[in-house]
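For the sequence shown, position 358 matches number 358 in full-length UniProt numbering, and the numbering has no gaps at all.
By construction, these hints were calculated from the structure, which means they are not laboratory data. Don't take each hint at face value.
To be verified - Taking lysine to any residue pairs in the SDA-like style, the calculated list, with each CA pair at most 25 angstroms apart, reads:
| no. | residue 1 | residue 2 |
| --- | --- | --- |
| 1 | K337 | E347 |
| 2 | K68 | Y98 |
| 3 | K273 | I310 |
| 4 | K360 | Y302 |
| 5 | K296 | I271 |
| 6 | K257 | E347 |
| 7 | K337 | I377 |
| 8 | K269 | Y113 |
| 9 | K376 | P336 |
| 10 | K273 | N333 |
| 11 | K292 | I33 |
| 12 | K337 | V314 |
| 13 | K244 | K337 |
It should be emphasised that the depicted structure is a prediction, and the values quoted were computed from it without experimental measurement.
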Amino acid sequence: MTFLLKSCSTFFEKFCCCCKKYESEWNTQLESISLFAARRGFTDGEPYLILFGLCPNANKTFIVSENKLSDSNICLGDFLVACSDSPKNLKNFKKVPYPLDVTVEGDYAIISYSSMEAIKDISGILIFQTTDFGPIRSLNQNLDLDEYNITVHATGVSASGHVIELRAKAQPASNYRNSSVYENPSFLDDLSDEPLEIKKTISNNSLDGFSMEQLIQQLPTLELGEAENSVRVPQNLSAPRLMKAFVYSVHQYPHTKFHFLWICDIMEKSILKLPQYDFELGYFFEGIFKQKSNGKWECEQYNNKIEPLINGTVVINEYNGNEKVELTTTVTNYKPKNNTRKWPEVEAKYLGVVYDRHNKLPKNCEGQKVEVQMMKIDKEQYGWVITDILNE
């Protein structure tokens, strides 16, 4: 079956060309790491940035001269990719877009997350499980196990000047305002007022002749192994699964896109936030999905394009002019409206429950072909809704 798109997609060809381009730019023997520039520090007045690895390298940190990063147009609060040829050395810096809300306040880059569930790990430590950085320890360990909106930042420093880890400050999700940390000054109460300064521990006979790079090389870094007091991932989270999905909606932001997905295997919604992909509506693929602590699924790894499992087209929403997916499917198992069902319901392969919101179906509709779209069915709920009945 072929998924018919009214707007022609050339993404797959672009993706292949992009892969070849990166192969020429990057040495395939080097490890590519996604990073976040989270904190600024100083050594003898010279600034450097502390970079935190993103999953699956969330246990790694690097210290790099800010001047060196600025040559690649990278500054505090930016996301980037780089190549690592050793535990302490990075090269080939490249700034990349990433779909997180970041605000820079002084020497700190602060990330905002909404509707994150507070859970306890196997050691009883209160954490917020993130897809981007793994488990992040809560600054307040006395929170109820509930949903919160959190702001994440690098903590204070040890005596040696090394950043300990990322920490999260929470506020109830019901009271959340879509505002920056500038409108929430109490957040900065948890941050040190003193600039991060690395002091040289060099004898009087060797004070001279050290370059900025040499000083940075002497700074402590995290070991690649598990830290002594590391936060463990709760064991009740579902293991990642290889599943098939398609893009049913795309939200464009200034520097990236959110791809909203439908997982055909389990018939549930999901999201893809990986910044390197730019899929069109109706794009079917196979990837690795992981269930988050709040029960929602997120695509963590794109594997490959697959043949469409459902026929459909891309249509224009008559109310707002946006493009959306309209699918053609066959329905079965009609259930009439009753006290527990607001509208009649049917079932469709790969889609699950489909709502007959406009009462288009007769009761004897087994095997009927219909067209469906993802629509709002309640105040905060979306589902597949029948938009038209097709004649044989």
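ask   = Which hints from the list above does the structure break, by number from lowest to highest?
value = Going through the list in order, the structure violates hints 4, 6, 10, 12, 13 and respects the others.
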